[in-house]
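The whole structure should be built from the sequences, with the hints applied where relevant.
Just so you know, the protein sequences line up as chains Y and H, in that order. Counted the way this note's numbering counts, the first sequence spans residues 7 to 396. Counted the way this note's numbering counts, the second sequence spans residues 7 to 396.
Everything labelled a hint here was simulated from the structure, so no lab data went into it. Check the hints yourself; a few may be wrong.
Derived DEER-like restraints, expressed as beta-carbon distance ranges [to be verified]:
| no. | chain 1 | residue 1 | chain 2 | residue 2 | range |
| --- | --- | --- | --- | --- | --- |
| 1 | Y | A395 | H | T365 | 18 to 28 angstroms |
| 2 | H | D362 | Y | P128 | 16 to 26 angstroms |
| 3 | Y | R127 | H | P30 | 50 to 60 angstroms |
| 4 | Y | P274 | H | P263 | 27 to 37 angstroms |
| 5 | Y | A168 | H | S355 | 49 to 59 angstroms |
| 6 | H | R252 | Y | D167 | 51 to 61 angstroms |
| 7 | Y | A395 | H | E131 | 30 to 40 angstroms |
| 8 | H | L273 | Y | W343 | 38 to 48 angstroms |
| 9 | Y | P267 | H | I20 | 52 to 62 angstroms |
| 10 | H | P263 | Y | P267 | 43 to 53 angstroms |
| 11 | H | D362 | Y | P267 | 17 to 27 angstroms |
| 12 | Y | P259 | H | L126 | 26 to 36 angstroms |
| 13 | H | M7 | Y | Q193 | 40 to 50 angstroms |
| 14 | H | S130 | Y | D167 | 17 to 27 angstroms |
Listing some non-contacts, in silico: residues in chain H with all C-beta distances to chain Y over 10 angstroms [claimed, not checked]:
| no. | residue |
| --- | --- |
| 15 | S8 |
| 16 | G42 |
| 17 | G70 |
| 18 | T84 |
| 19 | G172 |
| 20 | A179 |
| 21 | I221 |
| 22 | H297 |
| 23 | G313 |
| 24 | D320 |
| 25 | T350 |
| 26 | G373 |
All residues carry an ideal CB built from backbone N, CA and C; glycine is no exception.
There are 2 protein chains.
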Amino acid sequence: MSWVDVPEGSDFPIENLPFGIFRPRDEEPRVGVRIGDHVVDVAAAGIEPDLAARPSLNALMASGHGGAVRERVAELLTGPERPDVVHPIADVQVLMPIDVVDYIDFYSSIHHATNLGRILRPDSEPLLPNWRQLPVAYHGRARTVVVSGTPVERPAGLVADASGTGRLTPTRALDIELEVGFLVGGQPAARIEPDHADRHVFGVVLLNDWSARDIQGFEYQPLGPHLAKSFATTISPWVVTLEALRPYLVEPPAQEPPPDPYLRAALPWAVDLELRVELNGTPITATNFSHMYWTFAQQLAHLTVNGAPAGSGDLFGSGTVSGPTKGERGSLIELTWRGAEPLTLDDGSTRTFLEDGDTVTVRGWCGGGDRPRIGFGEATGTIVPTPEAP
Amino acid sequence: MSWVDVPEGSDFPIENLPFGIFRPRDEEPRVGVRIGDHVVDVAAAGIEPDLAARPSLNALMASGHGGAVRERVAELLTGPERPDVVHPIADVQVLMPIDVVDYIDFYSSIHHATNLGRILRPDSEPLLPNWRQLPVAYHGRARTVVVSGTPVERPAGLVADASGTGRLTPTRALDIELEVGFLVGGQPAARIEPDHADRHVFGVVLLNDWSARDIQGFEYQPLGPHLAKSFATTISPWVVTLEALRPYLVEPPAQEPPPDPYLRAALPWAVDLELRVELNGTPITATNFSHMYWTFAQQLAHLTVNGAPAGSGDLFGSGTVSGPTKGERGSLIELTWRGAEPLTLDDGSTRTFLEDGDTVTVRGWCGGGDRPRIGFGEATGTIVPTPEAP
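Structure, rendered in structure tokens:
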């Protein structure tokens with residue numbers, strides 16, 4: 007056991023030890039490891055200070071030394087007490103953990119893609135012919151990936167009026183997308199095999215891909231979403247290592263038809279990860295990440311199969327996680343069936359899409375009960391109004 | 007006149023002075039300014055060494071001091087001789103000039119978009135309803151933007167067979183896209199007005215957005231191109247400043263219908279920039295950038311109107327530049343009308359799409375004749391085969 011006291015039910019027991027970036031009072035940002043309600047200052051502990059006395063995890067992720075650093079932190083926490091290298095979480099600022107090099111977002115929940123197909127193209131097959139053959143994805147804006155707690159400004163963009171003319175307006179259809187994000191580590195590598203995913207994925211975060219459905223509807227043909235999704239993507243600050251998640255890797259759903267050989271894996275790469283979303287404190291979604299049709303291992307194989315390398319600092323999102331039932335839907339457009347079935351919150355108010363002042367919080371964890379709880383903390387954001395024109 | 011001799015017809019007279027990154031023999035990469043067939047070592051000349059002794063232009067671009075540095079280099083070149091701070095271009099390595107933060111690619115030539123619409127959707131209106139209302143764009147992969155001269159590996163991806171099943175194959179439809187790239191400088195800023203574009207655009211490069219048309223056809227619905235364009239984007243190494251281009255800014259074509267007010271400019275933001283493409287030395291395209299429907303000023307306004315900031319290190323591409331006539335088309339899919347009209351090269355061989363070993367070179371310049379020639383050098387790349395599976 008650790009000499010740092012870990013509260014009952016904490017997301018961050020000694021089995022977890024996720025990495026993040028924090029700033030102690032009046033000092034420079036640096037690498038920390040979370041334990042219970044405390045943060046270990048890795049550089050101050052003398053563990054790889056060249057990699058740890060930095061304002062992002064990128065160098066540590068690139069080095070391939072993350073596993074060794076985590077083991078040394080575990081030894082530190084179970085050896086002689088070193089209160090001088092540990093800070094209460096309340097005394098530090100928790101910051102954006104990485105410099106995102108590229109942000110790629112997938113679309114890999116069959117339940118989400120089917121729901122969207124039914125809502126947007128009610129007269130066609132909900133899944134397009136390519137959907138079961140490759141994990142569909144697009145690139146997002148790396149610069150606007152922000153850490154949990156950052157306010158999210160309501161975006162403006164062109165939305166069609168009754169005549170089909172686009173008018174600049176703050177979005178009236180601001181939505182969430184419940185996702186899981188994967189951070190790539192190591193040197194850039196191409197043509198990664200799915201069963202080598204654990205050599206290249208450094209860690210995992212919760213992700214909310216905020217989306218403006220009305221802006222998206224007007225702009226997205228023929229090259230995909232742009233302004234509808236480029237304004238903000240929120241991630242949780244503590245990067246849970248794949249090593250910590252290994253006991254919770256499970257078999258994914260069967261794929262029919264079987265995918266092309268470059269997408270086939272022998273090992274189980276689904277993650278038994280419980281996910282929850284609250285809107286102003288009211289639970290609105292409870293699902294599990296293991297429902298995903300395409301695994302993160304297949305996604306990584308896909309995004310590098312053309313020869314484009316992935317390496318330290320790349321972030322890819324799973325795509326919206328929706329499960330098979332109504333209460334497991336990961337976006338408001340699905341939960342309210344594009345506004346036809348508003349949600350009622352605990353305070354009696356109703357929502358179709360988000361209002362200014364609304365707070366959305368994503369939480370997630372593996373295990374619990376008899377097994378160690380490997381938690382992710384939270385990814386939260388509050389909507390602030392579009393600024394007035396100057 | 008400069009004490010560095012500038013050859014007749016050079017792209018780089020004293021009126022140009024573009025920025026780049028170079029490595030003198032056995033030394034670290036640093037900022038250079040090109041003049042004729044020489045490079046000025048800015049840090050060695052004592053000009054803002056904190057910004058110039060760096061391996062990318064990002065810090066200089068962020069600082070807002072680019073204009074002042076360029077003026078001091080011009081003074082240096084017209085003052086007492088300082089051969090100690092100038093290298094012949096043949097003695098140095100010219101490197102990738104920037105760390106790309108985000109790469110956004112537009113689709114703003116009406117001739118290109120109309121050609122593509124006719125080729126891909128022959129039974130519909132060639133332009134989609136949103137095309138004249140906003141500059142359509144998508145995000146590309148920042149990590150794979152490479153400098154001129156970098157070999158381009160033929161990408162592989164799923165391509166539909168006769169039954170519609172995707173099969174992994176090296177692309178058989180490797181294409182070019184003749185574009186102009188814009189580098190953003192300064193601190194991150196949102197909601198940029200088109201007429202303030204010159205406060206935010208640091209400089210301009212040539213850009214070739216290599217594309218795999220068959221992979222694109224299979225993957226792009228509904229979220230846009232991904233692997234078809236993520237493998238490589240080539241830029242020219244010398245960043246021509248907007249200051250140098252100012253005499254060549256001209257009125258863009260009239261826009262009908264007039265765009266939303268956030269996209270309206272009073273100043274002329276088209277660029278009278280001649281563009282050429284050669285394939286294995288055979289000229290295949292000659293056009294001018296002033297044909298573009300949407301200007302770079304409108305593109306910058308668009309990509310920030312939702313509140314997403316743009317700042318130092320962001321790169322946006324104009325979209326394929328095609329002019330109104332057949333010889334002005336900026337991609338092979340247009341030049342060969344999707345393979346129906348192969349090109350004949352000077353060696354008698356024919357091409358629909360690119361073969362392994364082919365070299366594509368993009369060149370561009372403003373002025374010439376009676377006016378100073380503000381040239382861009384070249385953006386070139388040679389196709390190498392897809393690696394064999396291990």
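A cut-off of 10 angstroms on Cβ-Cβ distance, and G373 (chain H) was said to be off the interface with chain Y. Does that hold? holds, 33 angstroms
Take a look at whether the Cβ-Cβ distance between R252 (chain H) and D167 (chain Y) falls inside 51 to 61 angstroms. violated, 38 angstroms
Quick one: work out the minimum CB distance from G42 (chain H) to chain Y and report holds if it exceeds 10 angstroms, violated otherwise. holds, 36 angstroms
Would you assess whether D320 (chain H), listed as outside the interface, keeps its beta-carbon beyond 10 angstroms of every beta-carbon in chain Y? Violated: least Cβ distance 7 angstroms, not greater than 10 angstroms.
Return holds or violated for the Cβ distance of P274 (chain Y) and P263 (chain H) against the range 27 to 37 angstroms. At roughly 55 angstroms between Cβ atoms, P263 (chain H) and P274 (chain Y) fall outside 27 to 37 angstroms, so the hint is violated.
Beyond 10 angstroms from every chain Y Cβ - status for I221 (chain H): Nearest chain Y Cβ is 7 angstroms from I221 (chain H), so the label is violated.
Has the hinted range 49 to 59 angstroms been met by the Cβ atoms of A168 (chain Y) and S355 (chain H)? At 55 angstroms between Cβs, range holds.
Holds or violated: the 17 to 27 angstroms window for the beta-carbon distance between D362 (chain H) and P267 (chain Y)? Taking Cβ atoms as reference, D362 (chain H) and P267 (chain Y) lie about 24 angstroms apart, which means the hint holds.
Closest CB of chain Y to the CB of G172 (chain H) still more than 10 angstroms away: The claim breaks: G172 (chain H) does not keep its Cβ more than 10 angstroms from every Cβ of chain Y (closest is about 5 angstroms).
Is the distance from the Cβ of L273 (chain H) to the Cβ of W343 (chain Y) consistent with 38 to 48 angstroms? holds, 47 angstroms
Chain Y versus G313 (chain H) - minimum CB to CB distance exceeding 10 angstroms, so not interface: violated, 5 angstroms
So the hint says 30 to 40 angstroms: do the beta-carbon atoms of A395 (chain Y) and E131 (chain H) match that? Check passed, 33 angstroms falls within 30 to 40 angstroms.
The structure shown violates the earlier hints numbered 1, 2, 4, 6, 19, 21, 23, 24.
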